[in-house]
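*Asks:* Each chain, written out:
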Amino acid sequence: MGHLSQQVHEAYHDAPHEKRTGYLGMWAFLSSEILFFGAFFLAYTVIRSYHLEGFREAASELSLFWGTLNTAVLLVSSYLIAFGEKALEARKMKAGLWSWGCAAFLGVVFLAIKLYEYWEKAHKHHIPGLDFKAEDFEHPHSAELFQFLYFSMTGLHAFHLFVGICWIGGMVWWFRSRKGRVIQPTYVTCAALYWHFVDLVWVFLYPLLYLIRA
Amino acid sequence: MDKPADSQRRDIHHPPREVEPSAEPSYLEHDRSLKGWLLTTDHKRIGILYLFTITFFFGIAAFAAAMMRADLTTPQGDLVISETYNKLFTIHGVLMVWFFLVPSIPAVLGNFLLPLMLGAKDVAFPRINLASWYVFVAAGLFTLYAMVAGGVDTGWTFYTPYSSTYSNGHVISMAMGIFIAGFSSIFTGVNFIATVHKMRAPGLTWGRLPLFVWSLYATSLVMVLATPVLAITMFLVMAERLFGVGIFDPALGGDPILFQHLFWFYSHPAVYIMILPGFGAISEIIATFSRQRVFGYSVVAFSSLAIAGLGFLVWGHHMFVSSQSVYAGLVFSLLSFLVAVPSAIKVFNWTVTMILGRVQFTTPLLYAVGFLGLFTIGGLTGLFLATLAVDVHVHDTYFVVAHFHYIMVGGMVMGYLGGLHLWWPKITGRMYHEWWGRIGATLIFIGFNLTFFPQFLLGYLGMPRRYHTYPEEFQFLNVMSTAGATILGLGYMLPLIYLIFSLWKGEKAPANPWRATGLEWTTPSPPPKHNFEKTPVVDREAYAYED
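Protein chains in written order, with this note's numbering: chain A, 1 to 214; chain B, 1 to 547.
In isolation and in its complexed conformation, chain B is listed as follows:
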């Protein structure tokens, strides 16, 4: 699959690019006024705006999770009443999925890095990029309003007819928030697709693109093609509440299963919106700290596209017990297994890359190694769930909860935090404290496993998800899980503290602290407003490590 060895070898022996000191002020110093930030069309500043926004949402969503875990330490759930509990898991799910996981890597790291990695001055449509942030904030306000005004207890999946008929009226406001957030996602996707196609520096062929760019590209395709379906689904739920027409309500002649089809047609691919950028970040981290070109570069690149494509064909595995036909179930089961193939290819190739290279166990690499372990567990348990018969047993139990947290938190959040650490010197111009970084990564890994591994057992033993109380015999595992969540919470606090601390006290970062090969490292840290003094010309492959 790779290019002939000769041409590669010639490429690899290039000396590292020299970084010329910039005469221009950095993007942070360029215009310090509030207007300079709020009306900026600079992709780097927009990335920072997103960083603040999603960190805020992550905080609220994590708080809701902490409340739930605290509540579940006792079988009776003494902390909150069941109604509040339902509102807590809804707000946790809605904020985490639409306001943290979906935008995290694409909107923060992607916005910041994509043009830098392509050697471009900006994304293809800078003003649309800024608009996407405003749309995102507006969406967040709708959702927060629903939360403050009384909360919603439907769960993040809004299953009908409960959400469309019986739940309280704040469903409309929250659905509106999600509807609007979708447009932000579509704007980002359209922008990235055009940027990757058209804004590449001379010589930067598709075969030389960093894998992070490939993964953002695949993600953008999914964003553009899946999100609008969700928007209409949310619209139909809102309309059904307002007018009582009965598209989804069986009592009025509608079909609740139609809702599930429409919802999962978006929401399964959305899992890949969340995880694919994580894959990209992990590829960069592993290549950088193994000092090694990624083994099977083109296979890793194409597996992202394969996952994006297959992701559209597997939504029915959320509906095995929904009375869909057994033949549909069989097909969806088979297709779901297929997604494991490109995913496994990636894991194998990352592993081989590390084996071939000389590994430095820095903070980002610890996150990447953690990612490999957690994603593998999450992926393999996904196969359990894709198996028709097994799924009937563990459907809607904590097994499912554990599985998707292993994928989305274990995979995506580890990728995000790893990527944030890898590019932190580039973004801020400051180095974080390496020792604290390692402690943080380790704590998160331990805390995460202690939180979610017991949930596999709970689910296998039959504890249903979304329940506020449980039989006594499940208490031990639940207490373990809550203890893990405490460690995990502490682990998340650490990066928040030492990364902010680094802004004042951190060492000044050189242009290329990790001696990495990407184009983004050939410009000063933090980069000047227009990224590069002169447009770089690329004459070698993405991971040309010479030592």
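So here's chain A without its partners, still in its complex pose:
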């Protein structure tokens, strides 16, 4: 098992310098990510204002149960990431790696539930653009727009989560393979920041897509 330490890359003066630089870069990247999703939120708001009835109708088709369960899954994973980060910093390697491993696993659970929801929609022919079953809805066109936004917003989120699972999972694997060798603490915190960001996006998506309904 590796351990966190203060080895410094040649471009930086010392460990705190490297750490602060990494954090700043990560925060700058995350601020750009917020605007990335922000464009979707704006599009959602505008289109919703034109298609209120259809959006309500289509939103009530979503499974409140799976959505809520997924929110819980992600929030627990966020806790595990935060706990694991602190544990790693305190050099409690075993606890840290276990909680990160579990968090990555919960991420996989989330994606599995999401895929099941997608599959359900595919089964009902509710995927926009591909043999969309208009007769299920009173406002088929508005419903299709909602479905499109649902798929692209949750899809983009799922893609981010997939990257997060690879990142966290890769870190765990990397820690274990670097027996006794050092690992930059910056990498740990940046991975954790990213995971929290992805969870945060879901915290906005969940009420927007699942909770506002007829």
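These aren't lab readings, by the way, just hints derived from the structure by calculation.
None of the values given here were measured: they were computed from a predicted structure.
Incorrect hints may appear among the rest.
What the hints assert, rightly or not - Now the in silico label distances, taken between C-beta atoms and shown as ranges: (1) A:Trp174 to B:Val537: 35 to 43 Å; (2) B:Gly462 to A:Pro140: 39 to 47 Å; (3) B:Ala328 to A:Gly129: 27 to 35 Å; (4) B:Asp31 to A:Tyr187: 23 to 31 Å; (5) A:Pro140 to B:His197: 50 to 58 Å; (6) B:Thr73 to A:Glu138: 54 to 62 Å; (7) A:Val76 to B:His30: 45 to 53 Å; (8) A:Ala90 to B:Glu24: 35 to 43 Å; (9) B:Ser82 to A:Arg213: 46 to 54 Å; (10) B:Leu38 to A:Trp174: 22 to 30 Å; (11) B:Ala344 to A:Gly129: 44 to 52 Å.
As the list claims (entries may be wrong) - Covered stretches of chain B, as calculated for chain A (at least 3 residues, CB under 8 Å): (12) 181–192; (13) 197–208; (14) 235–244; (15) 456–467; (16) 519–526.
Ideal Cβ placement from N, Cα and C applies to all residues, glycine included.
Given chain A, put chain B in place with the hints provided.
*Replies:* Just chain B now, kept in the frame of chain A:
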């Protein structure tokens, strides 16, 4: 706004820094293999990679422009059919904006110089820097594929529902190219922000940063915050084409104006991504060749940030005739006027700097003076366009075309070429031929004005942009414009020739040929791999010219 005069005076009397000959080989000689270039994390080499790439794109885009201008010499447009004409102006716009103007100064000169100016060994994240180039090349391939496979006729603005419903399918490939290019821009922006904040040499406080660094910093903020919005907009256009969902298509219950809001939320700030680095280069050139500290240093620095900030609030002035509410129009008009204030501050301060200093009319300074004239014309005509009532008259005419070419070509390209000449000895270790340099700068200035000034008149008289044919009475001005474009094209060829020539035959450049004060001049030309033998310590302001 400046620091007390006493401390400045003490700083100014420092002798110029001595340059120690480097034992290390230069960044060019360090590892000459192809792998050494393609897998390099050296910011200087990445800058050179970008230089080749964007010069290539500039060539294609300029060729498309030349074809259009040639076509417009006759009222009927005899050279190409109208469909080809539409594809030409699309490829010209897309390549020039996303593959030349946006990356030109930040990715070429910025990559090369930012760590040198900060006294750092490299940018904050060297591997992300290399990744940004690969992403950029991949984006370029998508766009070139769209061009070769059949072209796109939407114009660079991709207005919906034309682009999302009616135009041909290569829109997807081209939009994909732009989507990907955005990530390259974001990578560069994130990298520069972290570099400016964290990689400065000891003693290099914010108040001592060169103005070029300030402008890159402001640019990076805009890149990071605006580009992702464009990415999603392009994604929505692609999705709408693929699935026919109707986010933007009014026939399907969508809103084409939503597209314009999203698009211009990026694309207006993008104008400042293009012009702010130009401002930075101009500040350096004027200070260097006036041998004078920039008048009102801190005001010039903060005006870059002000422009970056205000740039986010003015996108609606592209939409005065789009049926947005008249109140929105009023607010956007007012905010657009406000951008003129920091821009004018810069122009006044550069002018005063030259008046106070002793000006040497070298090639870079000719570009800078040209910049001042062209940018002023471009900026003032921008005020015409920001005025609600006038905009209704000249909207979508050649007046707009002339205005943004004065800003983007007259401003940005002059800044880029001026900066390229200023730092050419540092980048290559060779001096270019001064006489040819001056001829080139003059030709470009004359050619540019002859090309675009008639277009103000054309637009005022009512010739719409993007048209392939026009009434007979516009022919005289169009022929003038085409003649100017010929001179301009010749002007662009000159630097290409004599700069390449200088690589073989140019005089060897000393470390500091212009006797400038920036940190980048304290290392040998071309710099060694790690920039500085030992980390420099800064004890004076940016433009401490003693004579």
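*Asks:* State for each hint whether it applies.
*Replies:* Consistency of the hints with the structure:
At roughly 38 Å, the beta-carbon separation of A:Trp174 and B:Val537 lies within the given 35 to 43 Å, and the hint holds. One distance hint, 39 to 47 Å for the beta-carbon pair B:Gly462 and A:Pro140, holds here, with the actual separation near 45 Å. Between B:Ala328 and A:Gly129 the Cβ separation comes to about 33 Å, which falls inside the hinted range of 27 to 35 Å. A beta carbon spacing of about 27 Å between B:Asp31 and A:Tyr187 agrees with the range 23 to 31 Å that was offered as a hint.
Separated by about 52 Å at the C-beta atoms, A:Pro140 and B:His197 satisfy the suggested range of 50 to 58 Å. The given range of 54 to 62 Å is respected by B:Thr73 and A:Glu138, whose C-beta atoms sit roughly 59 Å from each other. Take A:Val76 and B:His30: their Cβ atoms lie about 50 Å apart, and the range 45 to 53 Å holds. A hinted range of 35 to 43 Å holds for the C-beta pair A:Ala90 and B:Glu24, which are about 42 Å apart.
Take B:Ser82 and A:Arg213: their Cβ atoms lie about 50 Å apart, and the range 46 to 54 Å holds. Hint check: B:Leu38 to A:Trp174, Cβ distance near 26 Å, so the stated range 22 to 30 Å holds. The hint said 44 to 52 Å for the Cβ distance between B:Ala344 and A:Gly129, and at roughly 50 Å that hint holds. Only residues whose beta carbon comes within less than 8 Å of a beta carbon in chain A count, and the region 181–192 of chain B has 4; three or more means the coverage holds.
Check on the region 197–208 of chain B: 3 of its residues sit with their Cβ under 8 Å from a Cβ of chain A, so the three-residue criterion for coverage holds. Counting residues of the region 235–244 of chain B whose CB falls under 8 Å from any CB of chain A gives 6; the rule of at least 3 is met. Check on the region 456–467 of chain B: 0 of its residues sit with their Cβ under 8 Å from a Cβ of chain A, so the three-residue criterion for coverage is violated. Check result for the region 519–526 of chain B against chain A: violated, 0 residues qualifying (beta carbon to beta carbon below 8 Å, three or more required).
In this structure, the hints that do not hold are numbers 15 and 16, in rising order.
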